[in-house]
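Line by line, the protein sequences give chains A and B. Count the first sequence with my numbering and you get residues 1 to 80, in order. Count the second sequence with my numbering and you get residues 1 to 670, in order.
Keep in mind that the hints were calculated from the coordinates and are not lab data. Among the hints, erroneous ones may be present.
[Unchecked claim] The list that follows gives simulated cross-link-like pairs (lysine-lysine, DSBU-like), each with its CA atoms no further than 30 Å apart:
#, chain 1, residue 1, chain 2, residue 2
1, A, LYS49, B, LYS640
2, B, LYS473, B, LYS640
3, B, LYS146, B, LYS189
4, B, LYS146, B, LYS420
5, B, LYS149, A, LYS21
6, B, LYS481, A, LYS70
7, B, LYS420, A, LYS70
8, A, LYS70, B, LYS473
9, A, LYS49, B, LYS223
10, A, LYS47, B, LYS267
11, A, LYS49, B, LYS473
12, A, LYS70, A, LYS47
13, B, LYS235, B, LYS223
14, A, LYS21, B, LYS189
15, A, LYS21, B, LYS235
[Said to hold, decoys possible] To give an idea of the chain A side of the interface with chain B (calculated C-beta under 10 Å), a few residues:
#, residue
16, PRO12
17, GLY24
18, LEU29
19, ARG31
20, ALA34
21, LEU36
22, GLY37
23, LYS47
24, GLY48
25, LYS49
26, PRO51
27, GLY54
28, ASN61
29, GLY62
30, ARG68
[As the list claims (entries may be wrong)] Per the computed footprint, the stretches of chain B lying under chain A, defined by three or more beta-carbons under 8 Å from a beta-carbon of chain A, are:
#, segment
31, 445–451
32, 543–551
Heads up, the beta-carbon is just placed ideally off N, CA and C, and yes, glycines get one too.
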Amino acid sequence: MTLHLCSLLQLPTGSTVSIHKIEGINPILRRRLADLGVLEGVRIRLKGKGPFLGPITLECNGQLFAIRRKEASRIEVNLA
Amino acid sequence: MSAIALVGNPNTGKTSLFNTLTASYEYVGNWAGVTVEKKIGSLKNGAGKLIDLPGIYSLHPLSRDEGVAAQYLIEESPEALINIVDASQLERNLLLTLQLLEYGKPTVLGLNMIDVATARGIHVNSEVLQDRLGIPVLPLVARTGKGCKEILSLLGQSADIPPVRFKLHYGEIAEAAITSIELELQPMKDLPNHRWIALQLMEQNPVVLDFLKSRMDIRKLVKLGDACQSELQRKNLALTLPQWLRSVRMDYIRSLCLEVLDRADQKPHNLTERLDALLTHRFWGLPLFIFIMYALFKTTFDWVGGPLSDLVDGLISGPISEGANSLLGFLGASNFTHALIVDGIIAGVGGVIVFVPQIFILFLIISFLEDSGYMARVCLLMDSTMERMGLNGKAFIPFIIGFGCNVPAIMAARSIEQPKDRMLTTLLMPLMSCSARLPVYALFAAVFFPERQAFAVLSMYVLGIVFALILCKIFSWLLFKNESSVFMIELPPYRMPQIKTLSRSTWEKGKGFLRKAGTIILAGSVIIWLVSYAGPGGFDVAMDDSYLAKFGGLIAPLLAPLGFGTWQAGSTLVPGFLAKEVVVSTMNIIYHAPDTTGLENQISQVFTPLSAISFMIFILLYIPCLATVGVIKKETNSWKWTFFSMGYCLVLAYTVSFLVFQSGKLFGWS
Ligand SMILES: Nc1nc2c(ncn2[C@@H]2O[C@H](COP(=O)(O)OP(=O)(O)OP(=O)(O)O)[C@@H](O)[C@H]2O)c(=O)[nH]1
Ligand SMILES: [Mg+2]
C-alpha cells in the first residue's frame, strides 16, 4: 500500500482521510483528542476553517470539534 | 440510605435526567462541562440519594471538574452507578463504560438521546448490548422524561440490580501484571475493586496514584507496571502500557458496535451542518456574533425589557407607594416607621425591583444561547483573538455567563483544562459586566442618552471585554511568562431549547436576584436609610448633616478628579461592594425620588454627561462584589490572588475614569 502523507492542514475543506501520525502536540491536547477517539488509524474529516487564521473544525466518529491550525499541522494524514 | 451516582461523558444528558428523577433544577446547557460540582438530590420515589457528577471521558482527569468526578468514584463509595451514554455517539461513550464496569459496582446503562439517534438513522440494539455487557440497558430521552419511570422502578429495588460480572481480557502479559498487583493490594481494606485499581494504576491515573500513595508504599506496584510495559515493548505490542490497555478496549468496543449498531441509513446532522455553515462562516461568523450580542441588548433595553420595566415602575411608584402611605397613615405609624418604610424600603428595594423585567429577559436570552449549542461556536469564533491575548477561546463560555452573574461564571471556568488559563479567566471575570451593574447603566443611560440607551449600555459591556483582553495580555505576559495555551472544543449539535428548560433556567438565575432583593438589598436599604436619617445632631436631620453625608464626604475628595466628587456618589460605592444593585438603591434613598422619573431628574442635576460616563465606567470596573470575592477565594484557594483581583480592579477603575473625565474636560466636553 502506498502512503500519500501530508498534514491535516493542507487538505481541502470537506475531505475525509485517515490519521497516520499525531506527533509533537501538547500532551493535554493529545489526551483530549484521544478522549474523543482521535487516534492513529481513525478516519477524520476537515469540515471548515475558521476566521482570521482561527481554529479548524473537524469531524471524527460523528463528533464535531475544533482545534488550532498550529496543532492541526502536526497531525499527519494519509490521503490514500 | 443508598447513594447512586450518575456518570458519563460530558453533554450526554446526565443533569437532565437528574432533574427529572429528583425533581430538582440543576444547570443544564448544550456544551461539554456544564456541571462542575457534585450535586446531591433525593430520588422521587424515596429509594435513596442520586448524585450528579461532572462529565468525564475517562477516569483520568484533565480539568478540575473532571477531577471532582474521578475523586468521587475513588474516595466515596456509591452503591450503584447509572452510566449515561449518548446513543448517537455510542462508540466514544463506551470507552468510559468499560472502565466503569471494571469498577465493579452494580451498574445500569442509560441509553440516552434515543430521539437524536433515531433522527439520524442510527439504530442501537439495546437487547444485544444488555446481553454482551451483562447489565440492564434502558433506552431514554432524558429531556422529555421518556424511560425515567423504568429507571425509577429499577432503582426502587437497588439491591436487585445484579452485580457486574463483566471482564475484559487484556492479554497474557497485562493479565499477569494485574494479578500480581492485585496480590499486593490484598491486605488493604476499604479499597474499591482491586482489579479496577490495578488497571487504573497501570494507566497511571493520577487520582488513583495519589490515593494509594497516601495509604501504602506504591513503589513495588509501579515497578510491576514498568516491567509489564517493557515486556509489551519487547514483543512490539505497544509503546506504552496505557496505550496497550486502551487499544484492547477499543478493539472490544469496535467489535461490540458491529453487533449492536445499525448505521445502514445514517444521515448527517442536517440542521447543524446548515447552521454552522452560516454561524461559523469564516467571514460572517464574527459579525453575526456581534449582531446577536447587539440584539440581546436591544431586546433587553428597548424592545421588550424597557417597556416592561416602565410598567413595574408605574406600579411601585403609584399603587404600591400610595397604598403603603395610606395604610401607614391608617395604622397611625410613627414618623420614623413611615419614613423607614416609604423612604427606605420602598425607595431602596423598589428602585431595584424596577429592573426585574430587564434582568429576566437578559437571563432568558443567555439561557437560550446556553441551551442552543451556540456557546461552543462562540469559543471557536473568538479563539484566534483570545490566543493573541494569551488565553484561549474557551474562556468565552464563562465570560458570557458572567454577563448574567460573575459567581457561576467563575465556577464554569473549572472546565478549562490548563491551570493558567483557568486562573486568568477567574481573575478577569469581574470585568464582565454582570446584571447587577445593569440598573446603574440603565438609569444613567435613560437620563443622558435617552435616544441611544441600548448602544450606551452595550458600550459598557464592550468596554469591559476590551479591558479584559488588554489586561489578559498584560497578565499572561507578566504573571505567566506567556506560557502557551491549548485549545480544543467539542461542538455539540444545535438543539432547539425547550420552553420548559428555558423557563426553568431563567427562573433559577433570576431567583438569585429576587433573593438578593429580599436580603442584602433590603438590609442595605434599611441601613443606608438609617444612616441618612440619623446624624451627629440626632434623628431626622437634614440629609446633608447625616452620618451618610459625613461618611460619603470622606471619600468625595478622592473622587473629585473623576468628576463625581460629591458625598452622594461617594456613599454609594462602599455598599455597592456588598451587591452592585445597592448603588441604585442608595441613590434612590439619597435623592428621595418617588419614582424613576424623579430620580432621573435629580441625577441630571448632579451629574453632567461626562461625569455620568466616568461614573458608569467606575461602577463597571471598580471591584468584584462580595459574593464574587468569595468564589474567587474558593476557586483560586489563595488570598493573594483574591486581593490581587480586587486591587487591580480598583486601580484600573480609578485610572480609566480619571483619564476619561480629564481628557473629556480638555476637549471641552462637560
Ligand atoms: N434531544 C435530546 N436532547 C437531550 C436529551 N437529554 C439531554 N438533552 C440536551 O442535551 C444537552 C446537555 O444536557 P445536560 O443534562 O446538561 O448534560 P450533562 O451530561 O449534564 O452535561 P455536563 O454537565 O456538561 O457533563 C442539553 O441541551 C439538553 O437539553 C435527550 O434525551 N434528547
Ligand atoms: Mg451536567
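Against the structure, the hints:
Taken as a hint, the A/LYS49 and B/LYS640 pair is broken in the structure, with Cα atoms around 41 Å apart against an allowance of 30 Å. This hinted pair checks out: B/LYS473 and B/LYS640 have alpha carbons roughly 20 Å apart, not beyond 30 Å. The hinted pair formed by B/LYS146 and B/LYS189 fails the criterion: a straight-line CA distance of about 41 Å is larger than 30 Å. Pair hint B/LYS146 plus B/LYS420 does not hold up; C-alpha atoms about 42 Å apart against a cutoff of 30 Å.
Proposed proximity of B/LYS149 and A/LYS21 is contradicted: the alpha carbons are some 47 Å apart, above 30 Å. With a CA separation close to 20 Å, the supplied pair B/LYS481 and A/LYS70 stays within the 30 Å bound. Under the criterion of a C-alpha separation no larger than 30 Å, the hint pairing B/LYS420 with A/LYS70 is consistent with the structure, at around 20 Å. A distance of roughly 20 Å separates the Cα atoms of A/LYS70 and B/LYS473; the hinted pair therefore holds under the 30 Å criterion.
Among the hinted pairs, A/LYS49 with B/LYS223 is inconsistent with the structure: their alpha-carbon atoms are about 46 Å apart, more than 30 Å. Restraint check for A/LYS47 and B/LYS267: satisfied, since their Cα atoms lie roughly 16 Å apart, inside the 30 Å limit. Between A/LYS49 and B/LYS473, the direct Cα distance comes to roughly 25 Å. Compliance with the 30 Å bound is thereby established for this hinted pair. Taken as a hint, the A/LYS70 and A/LYS47 pair is honoured in the structure, with Cα atoms around 17 Å apart against an allowance of 30 Å.
For the hint linking B/LYS235 to B/LYS223, the alpha-carbon distance of about 18 Å falls within 30 Å, and the restraint holds. With a C-alpha separation of about 43 Å, the suggested pair A/LYS21 and B/LYS189 falls outside the 30 Å cut-off, and the hint is violated. Simply put, A/LYS21 and B/LYS235 have alpha-carbon atoms about 21 Å apart, close enough for the 30 Å limit, and the pair holds. Nearest Cβ of chain B to the Cβ of A/PRO12: about 14 Å, over the 10 Å cut. The hint is violated.
At about 13 Å, the closest approach between the beta carbon of A/GLY24 and any beta carbon in chain B exceeds 10 Å, and the interface hint on this residue is violated. The beta carbon of A/LEU29 comes within 5 Å of a beta carbon in chain B, closer than 10 Å, and the hint placing it at the interface holds. Because the closest C-beta pair between A/ARG31 and chain B is about 6 Å apart, less than 10 Å, the hint holds. The closest approach between the C-beta of A/ALA34 and any C-beta of chain B is roughly 7 Å, which is under the 10 Å cut-off, so the hint is satisfied.
Here the hint on A/LEU36 is kept, as its CB sits about 6 Å from the closest CB of chain B, short of 10 Å. Given the 10 Å rule on beta carbons, the hint for A/GLY37 holds: about 5 Å separates it from the nearest Cβ of chain B. Given hint, A/LYS47 at the interface with chain B, holds; its Cβ is 8 Å from that chain's nearest Cβ, closer than 10 Å. Here the hint on A/GLY48 is kept, as its CB sits about 7 Å from the closest CB of chain B, short of 10 Å.
Annotation: A/LYS49 was flagged as interfacial toward chain B, and the flag holds, the nearest CB pair being 6 Å apart, inside 10 Å. Evaluation of the A/PRO51 hint against chain B yields a held restraint, the C-beta minimum of about 5 Å falling below 10 Å. The restraint placing A/GLY54 at the interface with chain B holds, with a minimum CB-CB distance near 4 Å, inside the 10 Å limit. This hint holds: A/ASN61 has a C-beta 6 Å from the nearest C-beta of chain B, less than the 10 Å allowed.
At about 6 Å, the closest approach between the beta carbon of A/GLY62 and any beta carbon in chain B falls short of 10 Å, and the interface hint on this residue holds. With its C-beta approaching chain B no nearer than about 5 Å, A/ARG68 sits inside the 10 Å limit, and its interface hint holds. Counting residues of the segment 445–451 of chain B whose CB lies closer than 8 Å to any CB of chain A gives 0, which falls below the minimum of 3, so the coverage claim is violated. With a threshold of 8 Å between beta carbons, the proposed coverage of the segment 543–551 of chain B by chain A is violated, since 0 of its residues qualify and at least three are required.
In summary, the numbered hints that this structure violates are 1, 3, 4, 5, 9, 14, 16, 17, 31 and 32.
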